[in-house]
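**Q** Sequence:
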Amino acid sequence: MSTFSVSDRFAVADELFLIGHHEYTGKRHAGDEVFGLGLAAAVLIELGWQRAIALEEGAVLVRTTPTFTGDPVLDHVLGKVAAQEPVTHPAASWIDYLREDLYLLVAERLKRQAVIEEVQRGVLSRQSRLVAVNPFTAARPRSLMLGVLRDPPGRRQPPADAHYAVLAGLVAAMEMWEAIPTVGPDEAAYNSALLLDRMHPAEQAIIKGVSTTKAALARRVRR
0 MSTFSVSDRF AVADELFLIG HHEYTGKRHA GDEVFGLGLA AAVLIELGWQ
50 RAIALEEGAV LVRTTPTFTG DPVLDHVLGK VAAQEPVTHP AASWIDYLRE
100 DLYLLVAERL KRQAVIEEVQ RGVLSRQSRL VAVNPFTAAR PRSLMLGVLR
150 DPPGRRQPPA DAHYAVLAGL VAAMEMWEAI PTVGPDEAAY NSALLLDRMH
200 PAEQAIIKGV STTKAALARR VRR
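Going left to right, the sequence shown walks through residues 0 to 222 as numbering that gives the first Met the number 0 numbers them.
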């Protein structure tokens, strides 16, 4: 069984959400399905860091605690996993299954923290968008992630910051290059691969699950 490394910052999905939106306009940098895959993986990693799940052989996801966390986002996923027991599934299958569930839940978590707010697009518009309450706060995760992405570790060295290395890996797996325009896609993909190679095996498996599920979705569309 592969447990996870430990981070003192659990809200990976919150920071991925912020990285995936323009801090001033609220414009999304990825489509619904791809964003959903990234958020699902991020929440699984959060649960791993809280020691609520682990991965068995074949990247099969299992619960490791009978209790819930009290966080609506995490407990939504734990509830889904518990409902399937004793049947288990690979992490990639869970990423695919959860991709439509988490965008609004993560948004609500950020609203409760007063990090984002919902505003109408215009006086007469029925559409709304999610924008940062403080653009500088919203931009900070991207800035910290870019610092890690631009300076990957040497051979056999762990990433300088596992939290932001994971975020860089998720952004690369989603191919959300629009979110990081100051780094070219080739450089970002190469450096994120170096980071991924030095991550904990459970984190690697989940991030790779985003890539494989994204590719599978693309094949479904082409048929």
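No lab work stands behind these hints: they were computed from the structure. By construction, the Cβ of each residue, glycine as well, lies at the ideal position given by its N, Cα and C atoms. Treat each hint with caution, since some may be false.
Heads up, simulated DSS-like pairs for lysine-lysine below, C-alpha to C-alpha not over 30 Å straight-line [claimed, not checked]: (1) K207 / K79; (2) K26 / K110; (3) K79 / K110; (4) K207 / K26.
Pair by pair, the computed Cβ-Cβ distance ranges are [to be verified]: (5) E32 / E116: 23 to 29 Å; (6) E186 / G57: 17 to 23 Å; (7) P180 / E32: 35 to 41 Å; (8) P200 / H75: 23 to 29 Å; (9) A138 / T64: 30 to 36 Å; (10) T24 / P65: 23 to 29 Å; (11) E107 / Y23: 18 to 24 Å; (12) P85 / E177: 37 to 43 Å; (13) P85 / R149: 42 to 48 Å.
**Q** Are the Cα positions of K207 and K26 separated by 30 Å at most?
**A** holds, 26 Å
**Q** A range of 17 to 23 Å was offered for this pair. Does it hold for the Cβ distance of E186 and G57?
**A** Since E186 and G57 have Cβ atoms about 33 Å apart, the given range 17 to 23 Å is violated.
**Q** Taking the Cβ atom of T24 and the Cβ atom of P65, is their distance within the range 23 to 29 Å?
**A** Hint violated: Cβ distance 43 Å, outside 23 to 29 Å.
**Q** Is the hinted range of 35 to 41 Å satisfied by the C-beta distance from P180 to E32?
**A** Since the Cβ atoms of P180 and E32 sit about 22 Å apart, the hinted range of 35 to 41 Å is violated.
**Q** Using the Cβ atoms, figure out if P85 sits within 37 to 43 Å of E177.
**A** holds, 42 Å
**Q** Falls inside 42 to 48 Å, the C-beta gap from P85 to R149?
**A** Since the Cβ atoms of P85 and R149 sit about 45 Å apart, the hinted range of 42 to 48 Å holds.
**Q** Can the suggested window of 23 to 29 Å be confirmed for the beta-carbon pair P200 and H75?
**A** Between P200 and H75, where Cβ atoms are some 25 Å apart, the hint holds.
**Q** Given the hint of 30 to 36 Å, check if A138 and T64 actually sit that far apart at their C-beta atoms.
**A** With a Cβ separation near 35 Å, A138 and T64 satisfy 30 to 36 Å, so the hint holds.
**Q** Between the alpha carbons of K26 and K110, is the straight-line distance 30 Å or under?
**A** It holds: about 17 Å lies between the C-alpha atoms, which stays within 30 Å.
**Q** Does K79 pair with K110 here, judged by a C-alpha cut-off of 30 Å?
**A** With Cα atoms ~23 Å apart, K79 and K110 stay inside 30 Å; holds.
**Q** CB of E32 to CB of E116, is that within 23 to 29 Å?
**A** holds, 25 Å
**Q** Given the hinted pair K207 and K79, is their Cα-Cα distance within 30 Å?
**A** holds, 21 Å
Hint violations for this structure: numbers 6, 7, 10, all remaining hints satisfied.
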